[in-house]
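> Sequence:
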Amino acid sequence: MTSSDQSPMNLALALAAEAAADGEAPVGAVIVEGDRVLAAERNRMRALADPTAHAEFLAIRAALAARGTGRLDGCDLYVTLEPCAMCAGAIAHARLRRVYFGAEDPKAGAVENGIRLFEQPTCHHRPEVIGGIGANRSEALLKAFFRGLRTK
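Per full-length UniProt numbering, the very first residue in the sequence shown carries number 1; after that it's consecutive.
Worth double-checking, as some hints may not be accurate.
Below, simulated SDA-like cross-link-like pairs (lysine to any residue); rule was C-alpha separation at most 20 Å, straight line [stated by the list, open to error]:
1) K107 / Q120
2) K107 / A62
3) K107 / T69
4) K107 / L142
5) K143 / A17
So the derived label-pair ranges between C-beta atoms look like this [unchecked claim]:
6) T69 / R150: 40 to 48 Å
7) T52 / A14: 19 to 27 Å
8) I130 / K107: 29 to 37 Å
If you're looking for bench data, these hints aren't it; they were derived computationally from the structure.
No residue lacks a Cβ here, since even glycine has one placed at the ideal position from N, Cα and C.
Given only the sequences and the hints, what does the whole structure look like? Please build it.
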């Protein structure tokens, strides 16, 4: 991991911490085109009363709007947690070049775990995937958040 990889992930981790502070699952996502941040989002499912308001989904929508296109060719996604099936599908449809993720999600992840969407023959676009970027910090945020829910 280079220092240029760390900066977007640091932003995603900060957004994840903001989400946790607002009672949302701590996931943050950043989409970059070269050195330019196109979108930076966090989970907002509770705030928007929308089960699709995952950080990745919101970031993809914002990045598409910022580019004024229907695809994100040449762009990279940094997300603090392995994407779920819904988000992995959106990533494939948006044609993101690379996905950097922090913590693996053995229960709901769909990239390195679960259905491994990008490995399916029906998946029309397979981004390069690099896991483990900022994993320790992401895992710590997730554990603290869910520990807090159990003690309420």
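> Now look at each hint and say whether the structure bears it out.
Checked hints:
no.	hint	in the structure
1	K107 / Q120	holds (19 Å)
2	K107 / A62	violated (27 Å)
3	K107 / T69	violated (33 Å)
4	K107 / L142	holds (13 Å)
5	K143 / A17	holds (12 Å)
6	T69 / R150: 40 to 48 Å	holds (43 Å)
7	T52 / A14: 19 to 27 Å	holds (23 Å)
8	I130 / K107: 29 to 37 Å	violated (21 Å)
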